[in-house]
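So you can see what is in the structure, the chains are spelled out below.
There are 2 protein chains.
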Amino acid sequence: MKRYIGVDLGGTNIKAALVDDGHQILIEKSKPTLLPRPAGDVCADIVAVVRDILSQAGLTAGDICGGGIGCPGMVDGKRGVVSYSNNLAWRDIDLAPTLAHAIGCPFYLENDANAAALGEARAGSAKGAESAVIVTLGTGVGVGIVIGGRLHTGYSGTASEFGHMVIVRGGKRCTCGREGCLESYASATGLIRMTWEAMGENPNSRLWAIAPSRGEVNGRTAFEGARLGDETARRVVALYIDYLACGAANIINALQPEILSLGGGIAKEGEALLQPLREKVYAEVFGGRGQRHTLIKQCTLGYRAGLIGAAILAEDNADAS
Amino acid sequence: MKRYIGVDLGGTNIKAALVDDGHQILIEKSKPTLLPRPAGDVCADIVAVVRDILSQAGLTAGDICGGGIGCPGMVDGKRGVVSYSNNLAWRDIDLAPTLAHAIGCPFYLENDANAAALGEARAGSAKGAESAVIVTLGTGVGVGIVIGGRLHTGYSGTASEFGHMVIVRGGKRCTCGREGCLESYASATGLIRMTWEAMGENPNSRLWAIAPSRGEVNGRTAFEGARLGDETARRVVALYIDYLACGAANIINALQPEILSLGGGIAKEGEALLQPLREKVYAEVFGGRGQRHTLIKQCTLGYRAGLIGAAILAEDNADAS
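Quick mapping for you: the protein sequence lines, in order, are chains A and B.
For the first sequence, position 42 matches number 42 in my numbering, and the numbering has no gaps at all.
Here my numbering = 1-based position in the second sequence + 1000.
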């Protein structure tokens, strides 16, 4: 059995796991990231968590085939350098070489969303598929493209930004500067905005009982209201799914992946989201008689996708070298 | 020197060429397609054109490493079958096996737009690039994706339909049934519509001198008017480029290809189109400091892209087998 280390470096926690070649997590540990602090200190804690795991497993670095780490921001995977991370307030940090040296095994770096997409595609909801697009509906809309088992990161290394695909030309201003991006409508942030706007226009909606103030409105509020039969909530959910379907149909027309999986907070609504979404998407996508259609699924690995995906990075690189 | 046959089967003409392993066309011939007529008759004429080329070259089928053919419509490349072609009025025609049998060398099939994209990416404007997206601005908006030298055709075999990506939710109805597709705005058809609409609103525009009736408006009209300094024409061109930039930025954010090349009639405007397009796209795309950006270029092979791309299909399949 070959074993790998997978690390998911987030703004809140450093998570790490020992992962086997069947993509199962054997041991998992974490430490708070404690930002803001210097990159060197964060690296030292990553090393400490990894050593802790190895020690518990009764292993040394020599028993490990390699490690991978997912990190928020723009990364240069070839050099193992974090080019820029707004989240960590890092610029040009040679993260992978530092970890490789300190831990004593090869280390590989990828953007955290891409690492999670790789995990979900290879070991989760799209396991065995020839191609998959993983769409995470959180604060933003993160997308990872996996074709033939490999991440498509493009010429710049930062591809798959379908969240910043304009679907409403001249629409809501997005954080990226464009107007009408999918992210402005299909993120949890977009859903919260739409929910609050609808509440403003409908003072008798039961949504007010679920979330009496702006700060209490979240990505679940409208779905909860819809389950209670509230008409305003139902309209918000239908509108949200409409925007998401528009983006999903665009992605499918462009790439025709075997599987499109939805993750993130809003995807936890499960079939309440997926069933109407599929109806809308299949009515819109390009194609014809006898054509094989993209399956639309829910992600299954949750936060573990990032750990397993980081380990898969190490596995693929070890196989290639 | 290895030699291949490339065929581009269109609604108007059957074109075929003898192509060498440096992707140069050695001999080229054509015959009218003469639709509507049975698939068998069209196949017989394809075989006749190919034999004519071989005879002129003093070669036999045994001297050829293989042939490729691009055909409009939905194709099943693996089986070599044209699943459905509206253009040819064909359904389930086993085109590649028929040609292979009649000509006496292996034959491979791809959608015509994809074959042309493969040619342009490998032997034209994107030669040597790690990845390219070829966008053809004609009656519709055709797109081909080439990653690592190979077409990305997706799970269904019909991917890369970025022309049917909604950029104006609730906008103009597209032939595909969706509303607000890129194709409705960035095709020659879309530009002609916008030109005619602007003429209706501006009876004093010089566009009326260029095209006195609806039937005389074409994809060049607005660009011609803009060159003459007509304000209405300038606004039409700016609006057209705005829509195209929106779509191009969406494609670049999604795939970050090394090169995005524009072909088709409207791309013949050259820098009058490309220079303002680049300005708008680079202002919109996601990315940051030091990032490598997608180059936006004009296609260079014209109709020959389809012939050379079809030959490359044969070359790649011969190499693989």
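Honestly, the hints are just simulated from the structure, not real lab data.
All of these numbers come straight from a predicted model, not from anything done at the bench.
There's no promise every hint is true.
Here are the simulated distance ranges between beta carbons [said to hold, decoys possible]: (1) A/P276 x B/R1193: 31 to 37 Å; (2) B/G1149 x A/K2: 28 to 34 Å; (3) A/T300 x B/A1283: 50 to 56 Å.
Once the Cα atoms are required to be at most 20 Å apart in a straight line, the calculated SDA-like pairs of lysine to any residue come out as [what the hints assert, rightly or not]: (4) A/K280 x B/R1169; (5) A/K280 x B/G1171; (6) B/K1172 x A/R169; (7) B/K1280 x A/K280; (8) B/K1172 x A/E179; (9) A/K268 x A/T189; (10) B/K1172 x A/S83; (11) A/K280 x B/K1078; (12) B/K1280 x A/D242; (13) B/K1078 x A/R292.
Chain A is nowhere near these chain B residues, computed Cβ spacing over 12 Å in every case [stated by the list, open to error]: (14) D1094; (15) C1181; (16) A1272; (17) Y1303.
All residues carry an ideal CB built from backbone N, CA and C; glycine is no exception.
To see whether the hints hold, each was checked on the structure:
no.	hint	in the structure
1	A/P276 x B/R1193: 31 to 37 Å	33 Å, holds
2	B/G1149 x A/K2: 28 to 34 Å	31 Å, holds
3	A/T300 x B/A1283: 50 to 56 Å	39 Å, violated
4	A/K280 x B/R1169	14 Å, holds
5	A/K280 x B/G1171	17 Å, holds
6	B/K1172 x A/R169	12 Å, holds
7	B/K1280 x A/K280	32 Å, violated
8	B/K1172 x A/E179	19 Å, holds
9	A/K268 x A/T189	16 Å, holds
10	B/K1172 x A/S83	41 Å, violated
11	A/K280 x B/K1078	30 Å, violated
12	B/K1280 x A/D242	28 Å, violated
13	B/K1078 x A/R292	14 Å, holds
14	D1094	15 Å, holds
15	C1181	9 Å, violated
16	A1272	23 Å, holds
17	Y1303	25 Å, holds
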